[in-house]
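Asker: One-letter residues, chain by chain:
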Amino acid sequence: MSLSLEERRTFRSSVDGLLSARASIAEGRHLASTEHGFDDGLWRAMAELGWTALLLPVELGGVGTGMAEVRVVLESLGERLVPGPFMSSAVLATGALVDAEASADVTSWLDRLGDGSAIATLALPLIPTLGDSCLWPEARLAPGGWALSGSVPEVLHADVADLIIVFARGAGDEDDLVFALDRKAIPHHMDSFPLVDQTRRMQTVRFAESFVPEQMTLARGAAARELLRRADLRAAFACAADSLGGARAVHAMAVAYAQERVQFGRPIGSFQAIKHKLASMYVDLVSSDDAVYEAAEQDDLDSPGAIRLLRSAAYHALEAYPRIAGDAIQVHGGIGFTWEHDAHRYFKRAWVNRALFAGSERLRDAVAAELFSAPVGA
Amino acid sequence: MAVVRDTTDAYRERVHGWLLSNRPEGWREQLKTASQDEVVSFYRDWTRKLHAAGLLVPHWPARFGGEDRGLAEQVIIQQELSRTQSPRPRTMAIALGHAAATLMNHGSPAQQRLIAGILDGDVWCQGFSEPQAGSDLASLRTSALPRGDVYVVNGQKTWSSFAAHAAFCLLLARTDLGAPKHKGLSFFVMDMSLPGVTVRPIRQATGSSEFAEIFLDDVEIPVAWRLGQEGDGWRTAQTTLSSERVIQLVELVEGLREAVCTMAGEAQVQRTHGGQPWAQSERFRTDVARIAIDVEVLSAMTHRAMGNLIAGESLGAAASTLKLFFSELLQRATQIAARMSGLGGLHDPGEPPDLGYTSGDWFSDHLRSWTWTIAAGSDEIQRNIIGERVLGLPREVASQ
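Chains A and B, in that order, are what the protein sequence lines are.
The opening position of the first sequence corresponds to residue 216 in this note's numbering, with each subsequent residue numbered one higher.
The opening position of the second sequence corresponds to residue 64 in this note's numbering, with each subsequent residue numbered one higher.
Treat the hints as calculated values from the structure; they're not laboratory data.
In this text the structure is predicted, and so the values were computed from the model without any measurement.
Not one of these hints is a red herring.
If you want the footprint, here are the derived chain A segments under chain B, 3+ residues with CB under 8 Å:
no., segment
1, 468-477
2, 492-506
3, 519-527
What the simulated footprint calls covered on chain B by chain A, stretch by stretch (three residues with Cβ under 8 Å from a Cβ of chain A suffice, anywhere in the stretch; the number is not a length):
no., segment
4, 321-334
5, 447-458
For every residue, glycine included, the Cβ atom is placed at its ideal position computed from N, Cα and C.
Here chain A stands alone, though its shape is the one from the complex (with noise of 0.2 Å):
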């Protein structure tokens, strides 16, 4: 279901008034400080405009809409370095959910997402690096279910999910496997992996020989490696949603600053060495704002060219924002510098949003590989 224009219009403008009244930038600097590291009563509020509802349909109660109008919140949220966990819960694990075969524990859990009551994450398997033997958590049969062992970091808000979809390999056949674990029935460990960025909480979770029973496997095989496939371009269309936005506030404060900030007798602004500067970096924002907004619109993660759409439109807004955020530290001079100014949170979140989920790179390489597997003069 895709909104009319001026339903896009009052949705856009419902996401910026409640933003706008309830989530400041000073308020999220206060929420570092918390426990969980988000404003509950926000998420509350979030949830009963419908917005962790977005991307589930309406025959489950959902509004339904897509990718459009996810892009305006994640971007709103990324504008205002806003934490919590929309981007985890209402947008990776609901899709995957969505996505999985439907089944009743699938629907009630997507009810429970989608009325905010409950938080879900999702963990992208990730490429073993240096001194990391496996990143799968293993599955072993085990009567009724699974045993399972092994840990998966690098989990966005685990620390508040109730249900963390995971990838794992089975033991034996090497089968792939996706699980939506209901963390309070699972024995778990869970470490917390402090991020530069503050407004984003991540834990590695670990699993010592867990019983996970039958009815958490969401897909398995092919199936699995399809749900895998789109999650995976769903997080890249996320992060990079919430790098526009964040991109564009700080490239908004630079131009501000250069504006009022008097040197030499004139506003530096007025220097065509900063003039210049500014005016790249918005090209560099408006190309990232123009390919995600194509990608929103085509909302499609299936057909090859709007995949190559989405992964360029991601791979180019993630790169854009550090590049910004960093021009716009340069642009305020030593104020840029200090703690008490908010260019260097934006810098932090542009790092963080391009290494999630293996980094931007992996999209890169994808294109790469697309291109030099195409036969000659193709």
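Dock chain B against the given chain A, drawing on the hints supplied.
Answerer: Here is chain B on its own, set in the frame of chain A:
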């Protein structure tokens, strides 16, 4: 919705089929050794042929020779020209893109009759820049002083592409020597065969002579060939139909797409100093992937700008951002490809090809990319425009 989709698909199929059976075979090879006269006449014939088939300007109003079709169809044509490796009439860029739009917007009925000539392959050129007026275009000095029913024009124009072959020139000249610099200008259609018009080709860095100087000695342009009001030339010259610019950009994006595929294909064959195909170099693959990504981004930018135009919005700042993004991307793409070609790619071809940036001679394409970072408002001027008009930053020096 489905009906619209079917129509465009059917249209695409028709365009594709026509191009496959009508594109001139071996035209690229043929043009590589052709004289400039032959190049111009080749593109004139191709322009006529495209127009006869309804594939040149179907998006123009019917009264000017179009079919009142939408921009969507024109985008399809540009894409199919690219996909079928058909020629695009490069010598006609000013005529089809700039001149026709200006005539439709500002021309008198008599002036608008020149549009038929454009559809018949008349080449047009621009008389804007002068030796002392480049980025600071408004400081141009060529004068056009009224005397009876003519303007007497004296001065010198430069960087005028295909002027040696042009039938007409879009001329910007000063009609009021006392007015502030932007105010005293008027815009003219100048017949290039008028007495007093002398064209001298300029040899470019690439070795070819696409552009030229135009010397104007007591050229008498009839008052009836002034475009718009006297003194209103600056504004008139700025208001090109922006849709034409985006259509040209669609063509350029498709050209870049082709170039990326060609580059990736050549990399399977060309070898690095270590003897490996370039396609196996991690660094090279990464570089080319980043180009391919940026081409997708540019394509999205173009698509969105086109959508806004169709919705009746103006192009605004997008004209500057698109040009900046494109010109820098073109420069990077051709640089990577030229580097792959090594010393072999630096062999002097003798007569340089005049085909534009997709000639496949990467070094010459790379060198030519500077025409995009300099012409029609250099990258620095575009950044000034963005900085001042979009971001609202103060001007560096107060203009007089």
